[in-house]
Amino acid sequence: MDPTLVGEIAAEPGGEHIRRCFACGTCTASCPVREVTERYNPRRIIHMALLGLRESVLTSDFIWLCSTCYACQERCPQDVRITELMHAIKNVAVRHGYIHPSFRAQVDQLRQHGRLYDITVYENERRVEQGLPAIAEQAEEIAAIVAATGLTKIPARGDELVGTQNG
Amino acid sequence: MRYALYLGCTAPVRSLNYERAARATAARLGIELIDINDFGCCGFPLKAVQHDAALLLSARNLALAEEQELNICALCSSCTGTLAEANHALQGNEALRERTNQALEAATGHRYNGTIQVRHFVRVLYEQVGLARIRQAVTVDLSGLRLAAHYGCHYLKPVDAHDRFDDPENPRSLDRLITVLGAESIHYEGREQCCGGGILGADENTALAMPRLKLERVVAAGADALVIVCPFCDIMYELQQRRIEKLYETRYNMPVVFYPQLLGLAMGLSAEEVGLPLNRVKSRKLMEIAGDGRA
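Just so you know, the protein sequences line up as chains A and B, in that order. The first sequence begins at 1 in this note's numbering and counts up by one. The second sequence begins at 1001 in this note's numbering and counts up by one.
The shape of chain A in the complex, shown without the other chains (with noise of 0.2 Å):
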């Protein structure tokens, strides 16, 4: 148990609001994640980070399974801004090292192309085709953002996401 996970989280921009949990279980309740696996349950995981949990929670795969559809967010009664936490807690696995590889991924393509995915000859052909304009990538500019703010140099521990079992 380590009781200053949840001051990390707290201080983290969207987990401000990590000690009003009460635990009623809404979150859960209303999660369409939940609805199709027992991996992911957004109590539990708020729990966890209460009790001080820090390896379980920050070295988990489970936390990255949030399809932040704010569900939970709309409804939870003690305004724990439940999608803003879950980011705020990926965020603080992030700066220790630990990252989903799908994430890292986008960082890098975001770094080379400024999108999510390139606009290749072929694409642009396509638009063409398609009476759409084309698009040139521009990303210069997104790549000294992801430099500015460190994104270059995560600690490369994706690999040591740990599975689960609970639930």
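Check each hint, because a few of them may be wrong.
Label-pair distances were calculated between CB atoms; the ranges are [said to hold, decoys possible]:
#, chain 1, residue 1, chain 2, residue 2, range
1, B, L1131, A, L53, 27 to 35 Å
2, A, T4, B, K1282, 25 to 33 Å
3, B, E1067, A, T4, 40 to 48 Å
4, B, H1187, A, M1, 29 to 37 Å
5, A, A23, B, D1167, 21 to 29 Å
None of these hints come from the bench; they were simulated from the model. Where a beta carbon is used, it is the ideal one built from N, C-alpha and C, also for glycine.
Given the structure of chain A, go ahead and fit chain B onto it with the hints provided.
Then chain B, alone, in the frame of chain A:
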């Protein structure tokens, strides 16, 4: 009605049908859409990684539109939500705006002064064009079509970033936009359910279980098509439909259409003009309607 058209990353490479229909219907309804080539990623993928980096990407796009004195009209719901949320935060907090601008200016030379608005294209249709003008523009009868409205998530949530323009528990805007065309917007179980697109990269099988549920329910309700407003929902319901069918050894064959395609057909545009040939799951009913529209 002039807007900077924000295409985002997904729509301009994966949903050319949506973009075609949006541009064509906008032109007919007096919405002027201005292209800004310098727009980049909205910031959505970085929210999970680093809050400040995501905010900077959003602020950059907001600044680019503001420099042209234009509000943003976006096709993708995730882009709309991400930009609207950032805008809400930056407009409401001067200290945050100043801090963000210092970093933004150092990295890119842009500044955002908090003067513009962010709207989803379908919200512009609903609020700025309005149901009355849309009704007047309808020339082709869509009655007999039974359609399942899928709002998705970021089109209207979080509601404070979207000015609470629709009710997150019982949204009505898309239903009204469908019925004003003469079609029926049917009830089905789990209308509010998310497409799962947000976790497709993190866990494919879990992600695909989510659109599977929606497709099951929409088929059970006897829908002729699922009506969507977001290119990421399209990836989940249309692009992945064959894979889901294989995975679960079933067959849905459920057409998925973007609302502006439907609107365009009702306004008499051809199948080609609304990009219908690009839809992967073919709808015989919609093709027949498109035939009538041309005649």
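Hint by hint, here is what the structure shows:
no.	hint	in the structure
1	L1131(B) / L53(A): 27 to 35 Å	violated, 51 Å
2	T4(A) / K1282(B): 25 to 33 Å	violated, 57 Å
3	E1067(B) / T4(A): 40 to 48 Å	holds, 43 Å
4	H1187(B) / M1(A): 29 to 37 Å	violated, 48 Å
5	A23(A) / D1167(B): 21 to 29 Å	holds, 27 Å
Taken one by one, the earlier hints fail for this structure at numbers 1, 2 and 4, listed in ascending order.
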